[in-house]
Structure formats: structure tokens, C-alpha cells
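> Place chains B and C on chain A using the hints.
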Amino acid sequence: MNKLVDIKGLTKNYDSLTALNNINLELESGHIVGLLGPNGSGKTTLIKILCGLLRPTAGFVQVDGHNIGVETKSVISYLPDQTYLNGNMTIRDIFALFVDFYKDFDLMRAYNMLNILRIDPNAKLKTLSKGNKEKVQLILVMSRRAKLYILDEPIAGVDPAARDFILNTIISNYDPSATILISTHLISDVESVLDDVIFLQYGNIALHASVDEIRSREGKSVDALFREVYRC
Amino acid sequence: MPWNLDSDRPIFIQIVEHLQYDIVSGVFQPGQRLPSVRDLAAEAAVNPNTMQRALSELERDGYMHSERTSGRFITEDIGMINDLKRQLATAQIEVFLEAMKRLGLSNDEIQVLVKENMKE
Amino acid sequence: MLGKIMKHEFRATWRYFLAIDLITLVIGVIAGIVGYNVAGGIDDIPPALGILLILCLAGYVFVMVSAAVLTTILNVVHYYRSLYTAEGYLTFTLPASTIEILSAKMIVALFWQIIMTICLSASVSFLIGSFFLYGSLHHAYGLQDFYEFCDVFEQALGFYGFFGIIRYFLSVFMQIVLNLMMFFFAISIGQLWQKHKVLGSVVSFFGCRFALGIITFFVNLITGSFGMLFNEVADDPGRYFSHSTIVSLVISILVSVGMYVGCVLITDRKLNLD
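Residue numbers (my numbering), protein chains in the order written: chain A, 1 to 232; chain B, 1001 to 1120; chain C, 2001 to 2274.
Bound conformation, chain A alone (with noise of 0.2 Å):
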């Protein structure tokens, strides 16, 4: 019941490689979880095919009850961890574009956080500065009323002003019946904001728990145990 994402034995070699090495991973609606690990422990891989720009070795994966494909994918907002809009479009443009493709994408919400940050909706992509870029994605992705919100390093290389709206963001439109699940290695910065945590290690799941029961059990931030886990 109530398993928004569903994943048994799920493996992805490539080649010699193995990025995922069998993981069984459930999720429930109405949580924000971090994916923690560091470079090369099989985030992106696992975001990756959880929204179907890749395809797994072996295994079973649903989202909300459904293989991946048409169905998970309408449910499913995606922000990735690089600009993947194409730098001729306008902002209104591609506004219009996900008002046609997404039935759950709220064009007031959009063009009010628009507003606040106080960039023209008129300016084509490619003449904004890489932290304005990024916002305009992530209003993108926190726009639509989705069933599961992926970000894929959402506050990696941004000042922390930038942060702090991205962080501010993600809560004030965060709605309790979503999940998202937010990959990182800056931990500190958003541990306060999650519910639970799932550590990644060499394609494993090293550890999945809530951040509250890591603090009372362990006495020290999920971000003083990552370091102890992944110490080198």
C-alpha cells in the first residue's frame, strides 16, 4: 500500500562496471529523502532510470504502480543536474510548453516565483546567468503539482543566497502528499529539511533511515556520520 516507488533487485552495469548492485528500495508518499553518497556511488544512475533516461541491467522498478514509461513519467518532475533547455526559448515559451505536455503545471505559481526573483519572462535562456538558469529550472520542476519530485543536485555550485531561495522554494511548495527526493553531497545544507536519508555506496544502500532517528541513535548530524561512513 501506499508504495510510491517500488524497486527489487535492481542492477545497472556498464560494461565491467557496476553502477547499481541490486538494490531494493521503497518509498512512501509524503516524504522528502535525501540521496547522499559521494561522486560515482550510483545516484545519478538511479535517478537516471527512475525517470527513464536510462535503462536498467536487470531488475524491477514502478513508480505509483506503474512500470516506467508514459504513465510515471506524467507523474514524475524532474530536475536534473545540468541546463537541458535549449537556449533559444524563451522563458514564456517554455512555460507554454510544459503548460501543454503536464496537466499538473500551474502557470500562475510559475510566473509568481518569476516575479519574485524579478527576471523578464521575455529573456531567451541563453542570456541569463547560470544561477538565474538554474532558478528557472527549478521553478519549472516545483511548478508542477507532481507525485514525485526528483532533484538531482539541486544546490551544488550555487552561492548561498541562491541556497537559501532553493531551499526556501522546495518547502513553501512542498505539498504533503509529494515525495522528493533530493540527491546531494552537501549535506549540511539541507539535513534540517529532510525526512529520511538513503546513503550510496559502490551501488549499495548503505543505510536508509530517518534523520531524526540517526540523531537520537548515533548523538551526531547525518552529515558527522556521512563523513565517519565515507571517510577515506
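What the hints contain is simulated information worked out from the structure, not anything from laboratory work. Check before you lean on any hint, since a few could be wrong.
[Claimed, not checked] From the derived model, a few chain C residues whose C-beta atoms are all more than 12 Å from chain A:
#, residue
1, Val2034
2, Pro2046
3, Ile2051
4, Tyr2134
5, Leu2170
6, Leu2249
[What the hints assert, rightly or not] Distance windows between CB atoms, simulated:
#, chain 1, residue 1, chain 2, residue 2, range
7, A, Val70, C, Leu2254, 28 to 34 Å
8, C, Ala2086, A, His66, 22 to 28 Å
9, C, Phe2010, A, His66, 28 to 34 Å
10, C, Val2198, A, Gly59, 27 to 33 Å
11, B, Ser1070, A, His185, 41 to 47 Å
12, A, Gly219, B, Gly1104, 41 to 47 Å
13, A, Glu28, C, Val2077, 39 to 45 Å
14, A, Gln201, C, Val2198, 31 to 37 Å
15, A, His185, C, Ala2019, 43 to 49 Å
Think of the CB as a built atom: it goes at the ideal place given N, C-alpha and C, for glycine as much as any other residue.
Just chains B and C now, with coordinates in the frame of chain A:
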């Protein structure tokens, strides 16, 4: 302004404490309507789910109550708020006394020192 | 969903293609006007002007060829960029099936390719037509000459009558389809490379071209096309062309369908965005 939270204690407990202090110190007046969960969570920069749980906990203890349509309100029971104030103060004093004892001070010496400091 | 994707494809591409198409048409009209005037004084053109006109004609041919090549390049690059670069992150997370996404992009590319062909044909027709127009207006040479001119073409290419014309247009259409599909298929094959995916696509493209050439040659050989070309009894190049057009037509249909299925299957099963 995000709330100042310790990184090594459960966030839930810290939010409850923070809200209790706000009630006792009058940031939230008796009978006052609280901001929405989303706004509170955004202000504190914490997970809305955790904020919701903290508010439910305070509600269960009677420090606030929700009206079906109009939102969540602080209790108007002044006696209850005063009890909470006493309780929180006691906890602080216990910590203080513990620290003084570690400095090797007797109860009388502590009293004298406190009085001297309060005059200044 | 197919229609929506096509709509946004048009939105993203129309400016470039329309500009190219208009340029070919405008240059065609200019060439026609120049041609009309040249036709009037063809006997007493000074040599210097003659050389200039020949250079202009060469320039015209160059622009037409460039327009055709540019259209194809834009189509192929757009297809590749929107699917297999960072833009693919958006394209492949749209709530649409792989078959809808690929088909929409292919149909729009084909549309522009066909419009380009029509504009090119129109442009060339303006130039050639200007000579005949001058001729018929000034009774230098009449429509009779035009029909004879057409007859030579028809003889050589073997399109007589209604079915001949249908067959001719169908084979032009299928050549455009085949040409595009070969690019798209090669791009899909290139995606199977773990690294150097663009290089993989280029190699695949030439591989496909080569394979297609071999297949066409052998099918023509087996079905006896070449025999017609050198048969003294039926000394009729038209028969050779009509027969080999049918061979090419059948091959292009089969190969295009095969490549379409290949594109969809490879992308559906093996999608691997970097």
C-alpha cells in the same frame, strides 16, 4: 531568518522546544492565530512534515488547538502557559546548577554570586 | 501527444527553414528575371558579361546545393541535439512514448525536407521557365520546343503517363525519406557506442550508405536491370530507368521501414543519456 538548530539533536525535539519558548516569551500571544505549517517551515528552514508533527505534539499537550477552517491557535489558558514557563525555567536552572557544582561552588556561594550579578 | 510534440517541433524550427526556403525562392525569381533578359539578347552578349553570367549561374547552383545541404544538416543536428544531448533530458521525460517522440521529430524533419525540395524545384523552374516564356512571347521558339524538351526528359527517365508520374514522385519522396532515415538510424546506432557516440554515428552512416549501395546493385543485377541497358533489341534507356526506379523504390520502402523500427527499438531498449 532560519531558526538556530543544533546539528546533533533530533530536529523534531528542537522545533517543539523553539515553539514552546515562543509561546512562553510572548512571541505568540495567548489566543493568537499561528502562521500556516508551510510558512512556519519556510521561516525555520525545516521540513514541513517535521513542523507538522511538532505542532501536533504541542496540540496534543494542549498548548494549541486547531479550528477546522480558520487555522491553529495558541491556548488562552494562562495558567498552562505559566506552568510551561516554570517547567522550562526549572530545566534551565538545573543545567546551571550542574555547571556551578562542577566549578566546586556550594549552594550558599551560588546564591551570593547570583544576587551580586543581578544587582549589576 | 504526437500532435503536441509536432507542434512544439515546428515552433522550435520554423524560423530557420522558412528563411532558407524563402531565399531559394527569391533567388529563383531573380534568376528568372535575369534569364528572361539574357534570353532576349543571347546573341550579342559581350564576353566579359558572358563570363560574369556563367559565374552567376555557378553561384546560383552553389546556393541551391547549399540550401539543400543546410536543410538536411539543420534537420539532423536538431534531431540529434533535442534527443541525445542535455536537451534529451527534457524530451525523454515528457509523458510520451518513445515511438511518439521519435515519430513526431521524423515527420517534422520530413516535412521541411519536402518543402525544401518543392522550393528548390520551383526555383529551378523559374530559371528554366524564363527562357521558354521569352521564346513563346517573342516567337523565337514556341511551346513545341518546350514539349520536345520535356519529352527528352520523359524518355530518359521513363516516366510516361499517369502511373509514370506517380511513380516518379513517389520515388523522389522515398529518396527523401530514405536519406533522412539513414541519418536518424546512424545516430541511433551511434548511441550504442559507450564513448565517441558522434564518431559512431558517422561511421554507421557511411556503413549504411555502403551497404545500401551493394544491396541496390545486386538487386538490380538479379532482376536484370542492367541487361535492359545493354540489350540491343530493346534499345531503350527509359526501360532501364523505369525498372531501376521500381527497384530503388521497393528497396527504399523496405529499408526505411526497417530503419524506423530500428530507431524506435534501439532508443526504447538502450537509451543511455550521458
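> Hint by hint, say whether it matches the structure.
Cross-check of the supplied hints:
1. Val2034: holds, 36 Å
2. Pro2046: The claim holds: Pro2046 (chain C) sits with its nearest Cβ about 49 Å from chain A, beyond 12 Å.
3. Ile2051: holds, 42 Å
4. Tyr2134: holds, 45 Å
5. Leu2170: holds, 34 Å
6. Leu2249: holds, 36 Å
7. A:Val70 <-> C:Leu2254: 28 to 34 Å: holds, 30 Å
8. C:Ala2086 <-> A:His66: 22 to 28 Å: holds, 26 Å
9. C:Phe2010 <-> A:His66: 28 to 34 Å: holds, 31 Å
10. C:Val2198 <-> A:Gly59: 27 to 33 Å: Given about 31 Å between the Cβ atoms, the range holds.
11. B:Ser1070 <-> A:His185: 41 to 47 Å: Since the Cβ atoms of Ser1070 (chain B) and His185 (chain A) sit about 43 Å apart, the hinted range of 41 to 47 Å holds.
12. A:Gly219 <-> B:Gly1104: 41 to 47 Å: The hinted range 41 to 47 Å is violated for Gly219 (chain A) and Gly1104 (chain B), with Cβ atoms some 28 Å apart.
13. A:Glu28 <-> C:Val2077: 39 to 45 Å: holds, 44 Å
14. A:Gln201 <-> C:Val2198: 31 to 37 Å: At roughly 34 Å between Cβ atoms, Val2198 (chain C) and Gln201 (chain A) fall inside 31 to 37 Å, so the hint holds.
15. A:His185 <-> C:Ala2019: 43 to 49 Å: Because 46 Å falls inside the window, the suggested range holds.
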